[in-house]
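Let the hints inform the model, and build the full structure from the sequences given.
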Amino acid sequence: MKTVINLFHPNYQYSQVNRAMVDAVKDKIEVRNLAELYPDFNIDIEKEQQVMANADRIVLQFPLQWYSTPALLKHWEDQVFTYGWAYGSQGNTLQDKQLLIAVTVGADNYGRDGFVKYTVDELLRPLQATSRLIGMKYMKPFVVMGASSISNAELKNVGPSYSKYLNDETIPVLGDFE
1 MKTVINLFHP NYQYSQVNRA MVDAVKDKIE VRNLAELYPD FNIDIEKEQQ
51 VMANADRIVL QFPLQWYSTP ALLKHWEDQV FTYGWAYGSQ GNTLQDKQLL
101 IAVTVGADNY GRDGFVKYTV DELLRPLQAT SRLIGMKYMK PFVVMGASSI
151 SNAELKNVGP SYSKYLNDET IPVLGDFE
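All letters in the sequence shown, in the order written, are residues 1 to 178 by full-length UniProt numbering.
Any given hint could turn out to be false.
List of simulated lysine-lysine pairs, DSS-like, C-alpha gap at most 25 Å [said to hold, decoys possible]: (1) K74 / K97; (2) K117 / K28; (3) K47 / K2; (4) K140 / K26; (5) K164 / K140.
Calculated from the structure, these hints are not laboratory results.
Rendered as C-alpha coordinates:
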(Lines of atoms letter the chains of each structure in order from A and count residues from 1; the text may use other names and numbers.)
(Lines give C-alpha, C1' and ligand atoms only; values in the text may rest on other atoms or scores of the structure.)
Protein backbone atom coordinates (compact mmCIF):
# COMPACT_ATOMS: atom_id res chain seq x y z
CA MET A 1 0.00 0.00 0.00
CA LYS A 2 1.55 3.29 -1.12
CA THR A 3 1.28 6.05 1.46
CA VAL A 4 2.11 9.70 0.92
CA ILE A 5 2.25 12.30 3.68
CA ASN A 6 1.39 15.87 2.77
CA LEU A 7 2.79 18.05 5.53
CA PHE A 8 1.11 21.45 5.93
CA HIS A 9 3.00 23.13 8.74
CA PRO A 10 3.78 26.83 8.19
CA ASN A 11 6.49 26.75 10.88
CA TYR A 12 7.73 23.18 10.62
CA GLN A 13 11.29 24.06 11.64
CA TYR A 14 9.99 25.12 15.07
CA SER A 15 7.67 22.17 15.65
CA GLN A 16 9.41 19.52 17.69
CA VAL A 17 6.32 17.28 17.58
CA ASN A 18 5.81 17.40 13.81
CA ARG A 19 9.54 16.93 13.26
CA ALA A 20 9.51 13.86 15.54
CA MET A 21 6.60 12.46 13.55
CA VAL A 22 8.30 13.02 10.19
CA ASP A 23 11.70 11.79 11.40
CA ALA A 24 10.14 8.51 12.49
CA VAL A 25 8.71 7.68 9.06
CA LYS A 26 10.60 9.63 6.37
CA ASP A 27 12.87 6.71 5.44
CA LYS A 28 9.92 4.46 4.60
CA ILE A 29 7.14 6.81 3.54
CA GLU A 30 7.18 9.71 1.10
CA VAL A 31 6.85 12.98 3.02
CA ARG A 32 6.10 16.13 1.05
CA ASN A 33 6.48 19.48 2.81
CA LEU A 34 3.88 21.56 1.00
CA ALA A 35 4.89 24.79 2.76
CA GLU A 36 8.35 24.37 1.21
CA LEU A 37 6.98 23.33 -2.18
CA TYR A 38 4.46 26.17 -2.36
CA PRO A 39 5.58 29.09 -0.17
CA ASP A 40 3.71 31.44 -2.53
CA PHE A 41 0.55 29.23 -2.51
CA ASN A 42 0.94 28.73 -6.28
CA ILE A 43 -0.11 25.05 -6.35
CA ASP A 44 0.95 22.82 -9.26
CA ILE A 45 -2.48 21.26 -9.58
CA GLU A 46 -1.56 18.64 -12.18
CA LYS A 47 1.44 17.44 -10.14
CA GLU A 48 -0.59 17.28 -6.93
CA GLN A 49 -3.37 15.35 -8.62
CA GLN A 50 -0.84 12.90 -10.04
CA VAL A 51 0.70 12.31 -6.60
CA MET A 52 -2.75 11.74 -5.09
CA ALA A 53 -3.84 9.45 -7.92
CA ASN A 54 -0.75 7.27 -7.41
CA ALA A 55 -1.26 6.84 -3.65
CA ASP A 56 -3.47 4.37 -1.80
CA ARG A 57 -3.27 6.26 1.49
CA ILE A 58 -3.14 10.04 1.66
CA VAL A 59 -2.07 11.59 4.95
CA LEU A 60 -2.74 15.24 5.72
CA GLN A 61 -0.41 16.23 8.56
CA PHE A 62 -0.82 19.66 10.13
CA PRO A 63 -1.13 21.66 13.34
CA LEU A 64 -4.62 22.70 14.32
CA GLN A 65 -4.70 26.50 13.97
CA TRP A 66 -7.63 28.60 15.15
CA TYR A 67 -9.70 25.40 15.38
CA SER A 68 -9.08 24.62 11.72
CA THR A 69 -6.52 23.64 9.13
CA PRO A 70 -3.65 25.92 8.07
CA ALA A 71 -4.46 28.27 5.18
CA LEU A 72 -2.24 26.37 2.74
CA LEU A 73 -4.12 23.12 3.35
CA LYS A 74 -7.48 24.77 2.69
CA HIS A 75 -6.10 26.39 -0.47
CA TRP A 76 -4.57 23.07 -1.58
CA GLU A 77 -7.96 21.34 -1.13
CA ASP A 78 -9.71 24.03 -3.15
CA GLN A 79 -7.16 23.76 -5.96
CA VAL A 80 -6.56 19.99 -6.09
CA PHE A 81 -9.95 18.42 -5.30
CA THR A 82 -11.58 19.72 -8.46
CA TYR A 83 -14.96 18.94 -9.96
CA GLY A 84 -14.63 16.22 -12.57
CA TRP A 85 -11.44 14.89 -10.97
CA ALA A 86 -12.23 14.40 -7.27
CA TYR A 87 -16.03 14.67 -7.30
CA GLY A 88 -18.98 15.04 -9.63
CA SER A 89 -20.37 12.49 -12.08
CA GLN A 90 -16.92 11.85 -13.61
CA GLY A 91 -14.79 12.71 -10.56
CA ASN A 92 -13.82 9.39 -9.06
CA THR A 93 -10.02 9.45 -8.99
CA LEU A 94 -9.82 9.25 -5.20
CA GLN A 95 -12.67 6.77 -4.79
CA ASP A 96 -11.97 4.21 -2.03
CA LYS A 97 -8.52 5.59 -1.20
CA GLN A 98 -7.81 6.14 2.48
CA LEU A 99 -7.64 9.63 3.97
CA LEU A 100 -5.65 9.81 7.19
CA ILE A 101 -5.46 12.95 9.29
CA ALA A 102 -2.42 13.50 11.51
CA VAL A 103 -2.99 16.59 13.61
CA THR A 104 -1.06 18.24 16.39
CA VAL A 105 -2.95 20.38 18.87
CA GLY A 106 -1.10 22.90 21.01
CA ALA A 107 -3.46 22.75 23.98
CA ASP A 108 -4.96 19.79 25.76
CA ASN A 109 -8.19 21.39 26.97
CA TYR A 110 -10.56 20.27 24.19
CA GLY A 111 -13.88 18.54 24.84
CA ARG A 112 -17.08 19.34 26.70
CA ASP A 113 -15.32 19.80 30.03
CA GLY A 114 -12.38 21.75 28.63
CA PHE A 115 -11.97 25.41 27.78
CA VAL A 116 -12.64 24.87 24.06
CA LYS A 117 -15.93 22.90 24.54
CA TYR A 118 -15.47 21.01 21.26
CA THR A 119 -13.53 17.82 20.64
CA VAL A 120 -10.79 17.65 18.05
CA ASP A 121 -12.89 15.12 16.12
CA GLU A 122 -15.69 17.68 15.93
CA LEU A 123 -13.29 20.33 14.63
CA LEU A 124 -12.08 17.89 11.96
CA ARG A 125 -15.62 17.31 10.61
CA PRO A 126 -15.06 19.45 7.48
CA LEU A 127 -12.28 17.06 6.42
CA GLN A 128 -14.52 14.10 7.13
CA ALA A 129 -17.31 15.67 5.05
CA THR A 130 -14.85 16.36 2.23
CA SER A 131 -13.68 12.74 2.26
CA ARG A 132 -17.28 11.62 1.97
CA LEU A 133 -17.91 13.93 -0.99
CA ILE A 134 -14.83 12.72 -2.88
CA GLY A 135 -15.40 9.06 -2.04
CA MET A 136 -12.42 8.51 0.23
CA LYS A 137 -12.43 6.36 3.34
CA TYR A 138 -11.99 8.62 6.36
CA MET A 139 -9.75 6.78 8.79
CA LYS A 140 -9.54 7.34 12.54
CA PRO A 141 -7.20 10.36 12.93
CA PHE A 142 -3.82 10.41 14.68
CA VAL A 143 -4.01 13.22 17.24
CA VAL A 144 -1.26 14.62 19.46
CA MET A 145 -2.77 16.78 22.19
CA GLY A 146 -0.81 19.33 24.24
CA ALA A 147 1.93 19.66 21.63
CA SER A 148 3.02 23.09 22.87
CA SER A 149 3.80 21.78 26.34
CA ILE A 150 4.77 18.19 25.62
CA SER A 151 7.32 16.62 27.96
CA ASN A 152 10.52 15.03 26.68
CA ALA A 153 9.24 11.61 27.74
CA GLU A 154 5.99 12.11 25.81
CA LEU A 155 7.87 13.48 22.80
CA LYS A 156 10.01 10.32 22.63
CA ASN A 157 6.83 8.28 22.16
CA VAL A 158 5.30 10.43 19.42
CA GLY A 159 7.46 9.20 16.53
CA PRO A 160 7.12 5.48 17.29
CA SER A 161 3.36 5.90 17.84
CA TYR A 162 3.00 7.69 14.50
CA SER A 163 5.03 5.03 12.70
CA LYS A 164 2.87 2.30 14.24
CA TYR A 165 -0.29 4.18 13.21
CA LEU A 166 0.86 4.56 9.60
CA ASN A 167 1.85 0.91 9.36
CA ASP A 168 -1.44 -0.33 10.80
CA GLU A 169 -3.54 -2.00 8.11
CA THR A 170 -6.54 -2.09 10.46
CA ILE A 171 -7.09 1.60 11.24
CA PRO A 172 -10.86 1.95 11.61
CA VAL A 173 -12.85 3.68 8.90
CA LEU A 174 -15.11 6.23 10.56
CA GLY A 175 -18.73 6.62 9.57
CA ASP A 176 -20.51 9.92 9.09
CA PHE A 177 -20.99 10.73 12.76
CA GLU A 178 -18.17 8.86 14.43
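Hint check results:
{"no.": "1", "hint": "K74 / K97", "in the structure": "20 Å, holds"}
{"no.": "2", "hint": "K117 / K28", "in the structure": "37 Å, violated"}
{"no.": "3", "hint": "K47 / K2", "in the structure": "17 Å, holds"}
{"no.": "4", "hint": "K140 / K26", "in the structure": "21 Å, holds"}
{"no.": "5", "hint": "K164 / K140", "in the structure": "14 Å, holds"}
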